[in-house]
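Okay, here's what each chain looks like letter by letter:
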Amino acid sequence: MTSEAAPALVISGLRKQFGTKQAVNDLDLTVRAGELYALLGPNGAGKTTSLRMVAGLLKPDAGTISIFGADLGREPARAKQVVSWVPDEPMLYDKLTALEQLDFVAGLWGVESKQARARAEQLLRWLDLWDNRNQRCESFSRGMKQKAALAAALIHEPQLLILDEPLTGLDAAAARQVKDLLQARVRDGATVILTTHILEVAERLADRIGIIQGGRLLAQGTLDELQDTAGGGRTTLEDVFLGLTGVPSPLAGVEAA
Amino acid sequence: MTLKPGSTAWLLRHEARLKYRGMSGTSRAWTLGLLGLLFMGLLAAGVPMGMLLNHVEGQPTRALLLWSSAGLLLLFTLMVSQTLFSSAMAFYARRDLDLLLSSPIPASRVLAARCLALAANASLIPLFLVTPPALTVAALGHPEWLSAPVLIGGLGLLAAAVGLWLAMGLFATLGPQRTRTASQVLSAIAGAAFFLASQARNWLPSEQAAAVKARLNALEASPALAPGSPLIWPAEALLGGIGSALLIATASAVLFALTVTVLGRRFAANAAAGAGRDAIARPARGGAAAFSNGAFRATVRKELRLLQRDPALMSQVLLRLLYLVPLLLLLLREGGEGQGGALAPLAAAITFMTGMLAGSLAWVTTATEEAPDLLVSSPSRPGLLRRAKLTAALVPVALIVALPVGFVISRFPQAGLALGLSCAGAGLSAGLIAVWLGKPGRRAEFNKRRHGSWLLNVVQTVVDGLWAGAAYLGVAFGLGWLFLVAAIAAAVTAVFRRPAPVYAY
Numbered sequence: 000m001t002s003e004a005a006p007a008l009v010i011s012g013l014r015k016q017f018g019t020k021q022a023v024n025d026l027d028l029t030v031r032a033g034e035l036y037a038l039l040g041p042n043g044a045g046k047t048t049s050l051r052m053v054a055g056l057l058k059p060d061a062g063t064i065s066i067f068g069a070d071l072g073r074e075p076a077r078a079k080q081v082v083s084w085v086p087d088e089p090m091l092y093d094k095l096t097a098l099e100q101l102d103f104v105a106g107l108w109g110v111e112s113k114q115a116r117a118r119a120e121q122l123l124r125w126l127d128l129w130d131n132r133n134q135r136c137e138s139f140s141r142g143m144k145q146k147a148a149l150a151a152a153l154i155h156e157p158q159l160l161i162l163d164e165p166l167t168g169l170d171a172a173a174a175r176q177v178k179d180l181l182q183a184r185v186r187d188g189a190t191v192i193l194t195t196h197i198l199e200v201a202e203r204l205a206d207r208i209g210i211i212q213g214g215r216l217l218a219q220g221t222l223d224e225l226q227d228t229a230g231g232g233r234t235t236l237e238d239v240f241l242g243l244t245g246v247p248s249p250l251a252g253v254e255a256a
Numbered sequence: 000m001t002l003k004p005g006s007t008a009w010l011l012r013h014e015a016r017l018k019y020r021g022m023s024g025t026s027r028a029w030t031l032g033l034l035g036l037l038f039m040g041l042l043a044a045g046v047p048m049g050m051l052l053n054h055v056e057g058q059p060t061r062a063l064l065l066w067s068s069a070g071l072l073l074l075f076t077l078m079v080s081q082t083l084f085s086s087a088m089a090f091y092a093r094r095d096l097d098l099l100l101s102s103p104i105p106a107s108r109v110l111a112a113r114c115l116a117l118a119a120n121a122s123l124i125p126l127f128l129v130t131p132p133a134l135t136v137a138a139l140g141h142p143e144w145l146s147a148p149v150l151i152g153g154l155g156l157l158a159a160a161v162g163l164w165l166a167m168g169l170f171a172t173l174g175p176q177r178t179r180t181a182s183q184v185l186s187a188i189a190g191a192a193f194f195l196a197s198q199a200r201n202w203l204p205s206e207q208a209a210a211v212k213a214r215l216n217a218l219e220a221s222p223a224l225a226p227g228s229p230l231i232w233p234a235e236a237l238l239g240g241i242g243s244a245l246l247i248a249t250a251s252a253v254l255f256a257l258t259v260t261v262l263g264r265r266f267a268a269n270a271a272a273g274a275g276r277d278a279i280a281r282p283a284r285g286g287a288a289a290f291s292n293g294a295f296r297a298t299v300r301k302e303l304r305l306l307q308r309d310p311a312l313m314s315q316v317l318l319r320l321l322y323l324v325p326l327l328l329l330l331l332r333e334g335g336e337g338q339g340g341a342l343a344p345l346a347a348a349i350t351f352m353t354g355m356l357a358g359s360l361a362w363v364t365t366a367t368e369e370a371p372d373l374l375v376s377s378p379s380r381p382g383l384l385r386r387a388k389l390t391a392a393l394v395p396v397a398l399i400v401a402l403p404v405g406f407v408i409s410r411f412p413q414a415g416l417a418l419g420l421s422c423a424g425a426g427l428s429a430g431l432i433a434v435w436l437g438k439p440g441r442r443a444e445f446n447k448r449r450h451g452s453w454l455l456n457v458v459q460t461v462v463d464g465l466w467a468g469a470a471y472l473g474v475a476f477g478l479g480w481l482f483l484v485a486a487i488a489a490a491v492t493a494v495f496r497r498p499a500p501v502y503a504y
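Protein sequence lines correspond, in order, to chains C and U. The opening position of the first sequence corresponds to residue 0 in numbering that gives the first Met the number 0, with each subsequent residue numbered one higher. The opening position of the second sequence corresponds to residue 0 in numbering that gives the first Met the number 0, with each subsequent residue numbered one higher.
Just chain C, same shape as in the assembly (with noise of 0.2 Å):
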């Protein structure tokens, strides 16, 4: 990790309101470059919508998302060049091959075609999934489809690679896998945010960890800088997300009494 580095993203004072509902309300947000960052919340907190603008996909109401020192606003296609977005429904082609999907993106993102082909190899090698490579993808079970939409995501080598629910539907050995994947991304120097229900991987991936509740952001930090704050003796993320976010233990009555 690089501390000196130019930030990997810096939002600033971000707004999205859906008719009535404010999603995202002045959102504060930096993530330092070559970090693992868990962006963690109930839900209808605003993760998805606060990481599908940083993605590009949603224009925000008002406030900035610089990306690597790209301002997404003014140059776009700068910005997303270094991007890539994983949501929690994999996007691919059901008819086309796990390998004709990494062609695909690869051409999006312009990469050279051999180059391409390399990367793409290398990729399914890592992920189990070469022995499949000429399989159409609607023959995947989910966690196969969830790792292809991986291995097509790190096709042109992103420098900052937002996940968003990457664990769903995953077995443990594909989960393992995914998790290994981002981390060895992370020693690589790229930047790896993502959002994740299941505490205990935010806990064990995460450099730094986000929380977020009505739009805003309520903490963040290392998971020790986090218990500091949450205080009153929370000793896991699950006490301090809870305490932070104000939701009860339904046994905590039953306990007291």
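Wrong hints could be hidden among the right ones.
[What the hints assert, rightly or not] Straight-line C-alpha distance at most 30 Å; calculated DSSO-like pairs for lysine-lysine: (1) C/K58 / C/K113; (2) U/K18 / C/K94; (3) U/K438 / C/K20; (4) U/K3 / U/K18; (5) C/K94 / C/K113; (6) C/K94 / U/K438; (7) U/K438 / C/K58; (8) U/K438 / U/K18; (9) C/K20 / C/K58; (10) C/K20 / C/K94.
No lab work stands behind these hints, which were simulated from the structure alone.
Since the structure of chain C is provided, determine the placement of chain U on it from the hints.
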């Protein structure tokens, strides 16, 4: 009305509700309004018919019976083609069968309701057209004419039974996935067969056409088609023969019930067996080829692959080319005989079909994008991606149209040039209009692509018509006329130009 949950009527209402909800809100209101008006008109149409019948005595003439038989044969063929396709979709494409069969409702009832829905679907339109005038005629003193709706209902049941047997046969020989495509192809061919046959006089060489006519005359005089013959019963039933109508309806109902009993469980078993078959790993040819360079090439390649790998969709798009067959045969006849008299209307028809085909494919490549977020999150420019998708749509059209254009060029160079230019213009215009005005949809909704987009319908038809006119004038009177009308077509197309989609960034 409260129906007992789980009853056959309750299940039928569920089917009807799904069908009704399949229409968009706007089209629902329009459709119901139009149907109401049409119903009143049809009721009124029964008045002159009833009055006319008061002055007609005796049995229908032999010629009337024969024409009615031919019409009923056409109707029945169309009904069978519809039930064949619908049964394949109802049992192998809809995903709610697992839910229904896992419920405590007896499987036989679920399947009977679904089969009844197939029969109702096939006979609904003809019943709607026949029943109101029959009611009026009956009220005017000819109740025997209620035989017509009874007959149509019976034919619907019979068509459903035949469609189910055919679908089962296809399943046994081709498997679940191909059954869907094959049923689609077969149903379209059945529908188009009558059109092709009706045009036989035009496209058959004159000697063969005369021979066919002689055979038809001999058939007309055959005792098998004399009044009272079983082959004529349906026509008699249509024209007031209540006894024949009841006989046909009863026999059809029995056959339908037997079919549902015999095939119902087999269908359910097949559907269960077929449920996971889509997921069977199928290698794709040429998948390991070299990667593309650049977003344009990658997108063209991706779209062509997706078109190629969706046989059900492609058959829907390409089957309309069946209607070109008589035109092409006529073209070959004209070319072979060294004549060019009918070239101008043929060129117009081919140009019109080119526009339709290009518009359909352009809608598929641009409006049915499966991963729009992927494109939006990429650094590729939206305009470039849109051009690539349009290119991918026009490539197959160009390949198909090259055949007649090449043939005409080889025989009549100037007419061929005019045809080639107008086809190119029609394809490009129709493609651009589909790109600019097409509303996003799913590939499975290809047949509904024009619902709720009247502007697309009107503009596409007008522009296709203009290009067809340009082709006609170009072939008949020279290229100067073609350029004049082509300029108008291009101007109309340009009016509807829309900028590339605005991404968030």
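Now for the hints, and whether the structure bears them out:
1. C/K58 / C/K113: 35 Å, violated
2. U/K18 / C/K94: Judged against 30 Å, a Cα distance of about 28 Å means the pair holds.
3. U/K438 / C/K20: Roughly 27 Å separates the two Cα atoms, so the pair holds.
4. U/K3 / U/K18: With Cα atoms ~20 Å apart, U/K3 and U/K18 stay inside 30 Å; holds.
5. C/K94 / C/K113: 23 Å, holds
6. C/K94 / U/K438: Between C/K94 and U/K438 the Cα gap is close to 22 Å, so the pair holds against 30 Å.
7. U/K438 / C/K58: Status holds; Cα separation ~22 Å.
8. U/K438 / U/K18: It holds: about 21 Å lies between the C-alpha atoms, which stays within 30 Å.
9. C/K20 / C/K58: Judged against 30 Å, a Cα distance of about 16 Å means the pair holds.
10. C/K20 / C/K94: Between C/K20 and C/K94 the Cα gap is close to 37 Å, so the pair fails against 30 Å, i.e. violated.
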